[in-house]
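Throw the hints in and build the complete structure from the sequences for me.
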Amino acid sequence: MCSSMRCRGEASSGRYRRQRRVWIGFIDAIYGSRRTAVMNLTQLRAFHLVATAGSFSVAARTGGVSQPTLSAQVKGLETTYGVSLFDRKGRGAQLTPLGHSLHQITTTLFQAEDEARDLLAGNRWVTRGHLRVAADSAYHVMPVLAAMRDRHRGLTFQMRIDNSANVLAQVLGFEADVAVTALPTSDPRVTAESLRRDRLVLFVPRTHPWAARDAIMAAEIEGCDLVIRERGSITREVFETRLAQDGIRPGALFEVQTREAVREAVGAGFGVGVVFESEFGTDPRFKPLSLVEGGLEVGEYVVCLTERRRLALVSAFFDAAHRLARQEGWLEERAPSPAATPA
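Numbered per the UniProt record's numbering, the sequence shown spans residues 1 to 343.
Keep in mind that the hints were calculated from the coordinates and are not lab data.
No residue lacks a Cβ here, since even glycine has one placed at the ideal position from N, Cα and C.
One should not assume that every hint holds.
Distance windows between CB atoms, simulated [said to hold, decoys possible]:
1) 260 - 106: 15 to 23 Å
2) 277 - 248: 16 to 24 Å
3) 328 - 248: 32 to 40 Å
4) 254 - 187: 29 to 37 Å
5) 81 - 241: 48 to 56 Å
6) 309 - 254: 38 to 46 Å
7) 87 - 329: 29 to 37 Å
8) 88 - 251: 45 to 53 Å
9) 41 - 62: 13 to 21 Å
Dropping the structure here:
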């Protein structure tokens with residue numbers, strides 16, 4: 001028994017020694033010398049650039065370094081630890097499972113670095129930088145970007161327009177720093193602050209029988225053909241929820257993916273369109289219509305990951321949005337819908 005216990009103890013001790021050597025080797029690689037620490041951090045940053053961009057060529061352009069340099073740094077990281085971080089088949093750079101795990105770590109690492117730098121530099125850091133913005137409408141986000149540009153010269157921006165569900169997914173996936181969206185969320189990972197109030201309106205061609213009216217009853221939509229956005233759009237979600245509350249079933253649905261396509265499809269006679277009132281504009285071809293019973297009110301929110309709210313660029317965007325909302329009265333209560341005009 002003593003011999004058996006001694007064997008188990010020696011085996012356990014052996015595993016401990018091997019684990020200890022691995023950790024000591026890792027710590028030495030990071031902290032063993034100033035040169036090693038710098039080189040290793042450079043390799044991690046190179047990996048992070050490629051993993052975020054999805055290809056070596058794009059990462060080289062966005063990072064301002066040559067593609068051979070990036071390739072050498074990533075290869076050095078893989079060689080040092082005897083691992084494969086990318087599947088290099090095809091034109092892109094697909095992450096391996098280990099690469100995905102490391103990318104999550106480097107994302108947290110370099111976000112912490114950004115936050116520390118912002119904390120120490122204060123507002124001076126807002127004189128330069130690159131902000132990635134996602135939005136479900138260019139109409140709502142452009143004034144905020146313009147105000148931010150005027151206040152903080154030297155910034156650059158990247159903007160992607162998509163439906164509300166995809167916009168939120170970009171924030172959660174670290175593909176966007178901030179977003180402006182009408183999709184409310186209770187996700188604890190996300191901070192959402194009110195930007196403006198809006199509502200949906202229907203619209204028809206000037207030749208439509210409803211064009212002589214300012215509002216319709218919800219029941220009148222029964223059996224009507226509709227032109228509507230794709231699933232994932234807050235426009236569609238709010239409108240379908242409102243109809244379902246009264247058990248209203250429209251006719252044929254013509255599904256499109258952009259607001260411009262909605263407008264042109266309505267003009268071509270495919271059905272009644274639905275759009276945010278603020279986005280309707282002054283197109284003389286169409287007449288906007290309110291819903292007498294209401295229920296089409298929508299909020300617009302500025303959104304970011306909670307852990308990134310204090311970053312200087314993100315904070316500057318929120319500040320610009322709130323100043324503009326106060327100046328323009330975007331959060332004031334909207335006038336009620338007009339009463340229906342008899343058909």
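Outcome of the hint check:
Range check, residue 260 to residue 106: Cβ separation about 39 Å, and the 15 to 23 Å hint is violated. For the hinted restraint 16 to 24 Å between residue 277 and residue 248, the CB-CB distance of approximately 20 Å keeps it satisfied. Separation of residue 328 from residue 248 is about 34 Å and conforms to the stated range, judged on CB atoms against 32 to 40 Å. For the hinted restraint 29 to 37 Å between residue 254 and residue 187, the CB-CB distance of approximately 32 Å keeps it satisfied.
Against the hinted window of 48 to 56 Å, the Cβ-Cβ separation of residue 81 and residue 241 comes to about 51 Å, which satisfies the hint. As the Cβ distance of residue 309 to residue 254 is approximately 40 Å, the hint placing it in 38 to 46 Å holds. Taking 29 to 37 Å as the suggested C-beta distance range, the pair residue 87 and residue 329 does not conform, at roughly 53 Å. Taking 45 to 53 Å as the suggested C-beta distance range, the pair residue 88 and residue 251 conforms, at roughly 52 Å.
At roughly 18 Å, the beta carbons of residue 41 and residue 62 sit within the given window of 13 to 21 Å.
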